[in-house]
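Colleague: Sequence:
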Amino acid sequence: MALTFYDYTLAPSPRRARIFLAEKGVEYENVQVDLGAKEQLSEAFRAINPACTVPALRLEDGTVLTENDGIAAYLEAAYPEPPLLGVTATEKGLVANWNSRALLEGLSAVAEILRNTSKGMVGRATTGPIDFEQIPQLAERGRVRLTAFMDTLNTRLKGREFLAIDTFSYADITAMVVVDFAKWVKVEPQDNHTDLKRWHAAVAARPSAKA
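Residue numbers (this note's numbering): 1 to 211.
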């Protein structure tokens, strides 16, 4: 049984996994879960992932991984080349460090803005099986956080080709998805973010970015 990837092309979270899979050159069956039609809340998909989120990756032995970090850890171990989580102890620490910052300071900030302002997400301010109401103040905070993260990225990337280490890594994948996802809430790198723009142009030109 081949790997089965539960996906929704428009969403940022499964895109992170698709890029990782593409960089590894891994073949898999793609199953679309239409979030717009709320297929993630269906009984059929709950049987696959009770958390009602994508991505999810079903392994050949039937195991289902439902978090990007778990999917990345599996793929790195099963398909070690090219390494995307670092090789040395220091590299592994740096990749995990910057990937975590991109998630906590970047992706979550965009989600705060989008999920607390979108008319289509009224009553669905978080992912998962439980409904939560929108809190407009969180959107305001998210915008400040996201702007600050763009500054952080630009500072880190000064004189650097990649975000965490000297080679393309999982941290670059997550940060690139954050920058692209931020466009959904009308936040983009500013004129003074020259290093961020240079880096983004380079990583976005990789074939995997179109996965």
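Worth flagging that the hints you see were computed from the coordinates, not collected in a lab.
Fair warning: this is a prediction, and the values are worked out from it, not measured in the lab.
Don't be surprised by glycine CBs; every beta carbon is placed ideally from N, CA and C.
Take the hints with a grain of salt, since some may be wrong.
Computed Cβ-Cβ distance ranges for the label pairs, DEER-style [what the hints assert, rightly or not]:
hint, residue 1, residue 2, range
1, A89, A47, 29 to 35 Å
2, P80, G120, 17 to 23 Å
3, Y28, K158, 34 to 40 Å
4, S42, E161, 42 to 48 Å
5, L10, Y79, 22 to 28 Å
6, L10, P136, 23 to 29 Å
7, A204, V144, 24 to 30 Å
8, E43, T126, 19 to 25 Å
9, I135, Y79, 38 to 44 Å
Mimicking DSS-like on lysine-lysine, the simulated pairs with C-alpha atoms at most 25 Å apart in a straight line are [to be verified]:
hint, residue 1, residue 2
10, K24, K38
11, K186, K119
12, K197, K158
Colleague: Does each hint fit the structure? Answer for all of them.
Modeller: Right, here's what the structure says about each hint:
The hinted window of 29 to 35 Å between A89 and A47 is violated, with their beta carbons roughly 39 Å apart. Look at P80 against G120: about 41 Å separates their beta carbons, and that is not inside 17 to 23 Å. For Y28 and K158, the hinted distance range of 34 to 40 Å is satisfied, since their beta carbons lie about 37 Å from each other. At about 43 Å, the beta-carbon gap between S42 and E161 stays in the expected band of 42 to 48 Å.
A C-beta distance of roughly 26 Å is found between L10 and Y79, which places it inside the suggested range of 22 to 28 Å. The hinted range of 23 to 29 Å is satisfied by L10 and P136, whose Cβ atoms lie roughly 24 Å apart. A beta carbon spacing of about 25 Å between A204 and V144 agrees with the range 24 to 30 Å that was offered as a hint. The hint said 19 to 25 Å for the Cβ distance between E43 and T126, and at roughly 20 Å that hint holds.
Distance hint check for I135 and Y79: the Cβ-Cβ separation is about 41 Å, which falls inside the suggested range of 38 to 44 Å. A hinted pair counts as satisfied when its Cα atoms are at most 25 Å apart, and K24 with K38 does not qualify at roughly 30 Å. Taking the CA atoms of K186 and K119, the gap is near 16 Å; set against the 25 Å cutoff, the hint holds. For the given pair, K197 sits about 11 Å from K158 by alpha-carbon distance, which is consistent with the 25 Å threshold.
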